[in-house]
Amino acid sequence: MDHIIETINGFVWSPALVVLCLVAALYFSFGTRFVQVRRFREMFRLLFAKDKSRKEGISSFQAFALALSGRVGTGNIVGVATAIGYGGPGAIVWMWIIAFFGAGTAFAESTLAQIFKESHNGQYRGGPAYYIEKGLNCKWLAVVFALCAVIAAGLFLPPVQSNGIALSFADTFHVEAWWVGLAVALLIGLVIIGGVKRIANVAKIVAPIMAVIYVILSIIVLICNASVVPSVFVDMIRSAFGMNEAIGGILGSTIAWGVKRGIYSNEAGQGTGAIVAAAAKVSHPVKQGMVQAFSVYIDTLLVCTATAAMILATKTYNVFGPNGEILVAAQGVAVADPGVTYTSAALGTLLGAKWGGAVISIALFFFAFTTIMAYYYYAETNLVYLFGKGRKEKLLIWVLRFCLIGAVFFGSLKEAKIIWDLGDIGVGAMAWINIISILLLSRVAFKALRSYEKQKKEGKEPVFNPKELNIKNADFWEEYENNKNE
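In my numbering, the protein residues as written are 143 to 628.
Hints are computed from structural coordinates only; laboratory data are not their basis.
Warning: the hint list may mix true and false statements.
Okay, derived cross-link-like pairs now, BS3-like style, lysine-lysine, Cα gap no bigger than 30 Å in a straight line [to be verified]: (1) K609 - K596; (2) K589 - K281; (3) K281 - K609; (4) K614 - K599; (5) K589 - K614.
With beta-carbon atoms standing in for the labels, derived distance ranges [said to hold, decoys possible]: (6) N343 - R187: 32 to 40 Å; (7) N343 - G601: 45 to 53 Å; (8) V179 - I358: 36 to 44 Å; (9) L324 - R592: 48 to 56 Å; (10) V371 - I351: 21 to 29 Å; (11) N279 - S156: 26 to 34 Å; (12) I147 - R585: 33 to 41 Å; (13) L289 - I147: 13 to 21 Å.
Glycine included, C-beta positions come from ideal geometry on N, C-alpha and C.
Starting from the given sequences, assemble the full structure and let the hints guide the process.
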């Protein structure tokens, strides 16, 4: 079974997907004239903008926090360590590259999600399934994506997060992993039963606070190792482009791990960020596109960099022993997988091994917990897309909740390699479908951006009218415009 999963993962994450992600990121960055740079100040301002004209939906900041919850998880702690372990220090530079250009992809997919969203039972629903059906008129592909999203976000991805929590708590606090898994499963159940409003309210408090605390701790570690920080960043750059003789032979692996873990962490191109973007109430789709592009920066350029800098500055990343085993350089302790060990060891140089492990375990708990909440929302939205027009909806949502809770518990029982491979398969399948779809719909996103910037230039508060732009099947916005004119 393990071999089959590994083979499928290798097929899904072939070099072709890595190239596709990079090409799409470059295309949308140049196509929007680097909106992620030109409108940076506006991105921050729009985080706190409110639309009081509608009671449905959630605020821009809640959507940002929920998207950040999905993006900031084990990928920022365990995933970064794994990327360094198997791809070397240069993998982090490729994570930066995919994040910088990927912000353009995140902008496009989130803008499209807003354009083609729907109002359903007092909530806004949208994402790739919706814009594939309405924008591309391709119902079967929309259904395939929705099925992939339900399976990936509801079953494959939650165990990745709970696995990180369980292993970290087991190592640090010597608690049986399955007890930790059971506790996390029960807690997540209490939150997701409350629906999107409760999920968004928890996310907007927990996600930003934990990100700030974690970054502050990493800055303290860097200050304590200030003398080596410049050489760390030089080594990262040299390794990223094969100029480091010691690891120059793994340049392909460096790029692949950087891009794979970068996409896994910041989710740009997966379509999951677009699902959350559709839930926000805004006067123009581009507003939420910018907000979601900003969340990519927070995830990778801030939180992932914080983890990487700590590991590299304290030299707690891998060296290889005589039998090929991975060692934590600062302690000489053999570990089977880099995982959370590198990050705990890095923080341990400041707080001591015991406290370093405890802090990382707690941070990992909050990051991963909020990410699981976001995963549930992704799965629920796509389940509603598939079955939301009949009486089965409520029953199926409850089935999904119990399945996700079971998946969270399952994650505490299985070894990390299998869990990560299953998660990678889910992410990769969604990315393949979504990236091709948004490339085909790119003209729609570019039209919306030009409309927004034209109105800003004229000194107006931008509003969206799809008829003026000859955008079809944007039913929500057409109904909204009609109701406003009545």
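Consistency of the hints with the structure:
1. In summary, the hint linking K609 to K596 is supported, as the alpha carbons are separated by about 16 Å, within the 30 Å threshold.
2. In summary, the hint linking K589 to K281 is supported, as the alpha carbons are separated by about 23 Å, within the 30 Å threshold.
3. At most 30 Å may separate the alpha-carbon atoms for a hinted pair to count; K281 and K609 meet this at roughly 23 Å.
4. The suggested pairing of K614 with K599 holds, with an alpha-carbon distance near 25 Å, which does not exceed 30 Å.
5. At roughly 12 Å between alpha-carbon atoms, K589 and K614 fall within 30 Å of each other, so this suggested pair holds.
6. Take N343 and R187: their Cβ atoms lie about 23 Å apart, and the range 32 to 40 Å is violated.
7. For N343 paired with G601, a C-beta distance near 35 Å fails the hint of 45 to 53 Å.
8. Between V179 and I358 the beta carbons are some 26 Å apart, a value that contradicts the proposed interval 36 to 44 Å.
9. Here the CB-CB span from L324 to R592 is close to 52 Å, well matched to the stated 48 to 56 Å.
10. The beta-carbon spacing between V371 and I351, approximately 26 Å, falls within the hinted interval of 21 to 29 Å.
11. The given range of 26 to 34 Å is respected by N279 and S156, whose C-beta atoms sit roughly 29 Å from each other.
12. At about 38 Å, the beta-carbon gap between I147 and R585 stays in the expected band of 33 to 41 Å.
13. In this structure the supplied range 13 to 21 Å holds for L289 paired with I147, their Cβ-Cβ distance being about 19 Å.
Consistency note: the structure conflicts with the earlier hints numbered 6, 7 and 8.
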